[in-house]
Amino acid sequence: MPSTEHISLEAEQVCRLSSTLRDKYHQGATRQALCGSLCESFLDMVTKRDEMREDVKFRILRLLQNNPEMSQRELAKEVGVSTGGIHYVLNALVEKGLLKLGDFTAAQDKRRYSYLLTPKGLSQKATLTTRFLARKRAEYRALKEEIDILEQEMSCVDAMVPLPRQND
Numbered sequence: 224m225p226s227t228e229h230i231s232l233e234a235e236q237v238c239r240l241s242s243t244l245r246d247k248y249h250q251g252a253t254r255q256a257l258c259g260s261l262c263e264s265f266l267d268m269v270t271k272r273d274e275m276r277e278d279v280k281f282r283i284l285r286l287l288q289n290n291p292e293m294s295q296r297e298l299a300k301e302v303g304v305s306t307g308g309i310h311y312v313l314n315a316l317v318e319k320g321l322l323k324l325g326d327f328t329a330a331q332d333k334r335r336y337s338y339l340l341t342p343k344g345l346s347q348k349a350t351l352t353t354r355f356l357a358r359k360r361a362e363y364r365a366l367k368e369e370i371d372i373l374e375q376e377m378s379c380v381d382a383m384v385p386l387p388r389q390n391d
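Residues in the sequence shown are numbered from 224 upward in steps of one, following this note's numbering.
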């Protein structure tokens, strides 16, 4: 189940998309061009949502591999989603056979479980790690490129605008 944060993000994207399409329509874009733009934007939005879900799943599996006794509340705090969202994802991971529940015998509260990665879960985590790393490297390259451009722009501005003198 998506969090309200993700829903509001998607709503903002839909509003932006609607505004863009309206502008293109008023500029005389054809119906075919508008539909192509809509499909492309929709696919981008779906892809981003799927990547966010995959990132959440990856982070949960990674955290549980290192600390299987983490509570749902602790996981939610670490991953940045609601406790209900974590509960939903954990149940899905158990149903898919990526996690198995174990009794957390050291806990005083006998309702607590440990979440153990199954061999299938370890394999899935390895796959998710590879994709996560590739996305983060691409984001890093894009961010570095943007920073380099901004630094070049700033050096041009610095060269054109004299710095104020400091009184000695």
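Derived from the structure by calculation, the hints contain no laboratory data. Every residue, glycine too, gets a C-beta built ideally from N, C-alpha and C. Don't take every hint at face value.
[Claimed, not checked] Lysine-lysine pairs mimicking DSS-like chemistry, simulated, CA-CA at most 25 Å apart:
#  : residue 1 : residue 2
1  : Lys348    : Lys280
2  : Lys271    : Lys367
3  : Lys343    : Lys319
4  : Lys359    : Lys323
5  : Lys300    : Lys367
6  : Lys271    : Lys348
7  : Lys348    : Lys359
8  : Lys323    : Lys280
9  : Lys280    : Lys343
10 : Lys323    : Lys300
11 : Lys367    : Lys343
12 : Lys319    : Lys271
13 : Lys348    : Lys319
[Stated by the list, open to error] Computed beta-carbon distance windows for the label pairs:
#  : residue 1 : residue 2 : range
14 : Val317    : Arg358    : 41 to 51 Å
15 : Lys343    : Asn289    : 17 to 27 Å
16 : Asp381    : Ser346    : 51 to 61 Å
17 : Gly320    : Leu286    : 15 to 25 Å
Results for each hint:
1. Under the criterion of a C-alpha separation no larger than 25 Å, the hint pairing Lys348 with Lys280 is consistent with the structure, at around 9 Å.
2. Annotation: proposed proximity of Lys271 to Lys367 holds, straight-line Cα distance about 21 Å (limit 25 Å).
3. The suggested pairing of Lys343 with Lys319 holds, with an alpha-carbon distance near 9 Å, which does not exceed 25 Å.
4. For the hint pairing Lys359 with Lys323, the CA-to-CA distance comes to about 29 Å; that exceeds 25 Å, so the pair is violated.
5. Annotation: proposed proximity of Lys300 to Lys367 is violated, straight-line Cα distance about 29 Å (limit 25 Å).
6. About 19 Å separates the Cα atoms of Lys271 and Lys348, which keeps this hinted pair within 25 Å; it holds.
7. This hinted pair checks out: Lys348 and Lys359 have alpha carbons roughly 16 Å apart, not beyond 25 Å.
8. Pair hint Lys323 plus Lys280 holds up; C-alpha atoms about 15 Å apart against a cutoff of 25 Å.
9. Only pairs whose Cα atoms come within 25 Å are accepted, and Lys280 paired with Lys343 is accepted, the gap being roughly 14 Å.
10. Note on Lys323 and Lys300: the hinted pairing holds, with a Cα-Cα distance of about 22 Å set against a maximum of 25 Å.
11. With a C-alpha separation of about 36 Å, the suggested pair Lys367 and Lys343 falls outside the 25 Å cut-off, and the hint is violated.
12. Straight-line distance between C-alpha atoms of Lys319 and Lys271 comes to about 23 Å, which keeps the hinted pair within the 25 Å bound.
13. The straight-line distance between the Cα atoms of Lys348 and Lys319 is roughly 13 Å, inside the 25 Å bound, and the hint therefore holds.
14. Between Val317 and Arg358, the C-beta spacing of about 26 Å breaks the proposed range 41 to 51 Å.
15. Taking 17 to 27 Å as the suggested C-beta distance range, the pair Lys343 and Asn289 conforms, at roughly 18 Å.
16. Our hint of 51 to 61 Å for Asp381 and Ser346 holds, since their Cβ atoms are close to 52 Å apart.
17. The hinted window of 15 to 25 Å between Gly320 and Leu286 holds, with their beta carbons roughly 19 Å apart.
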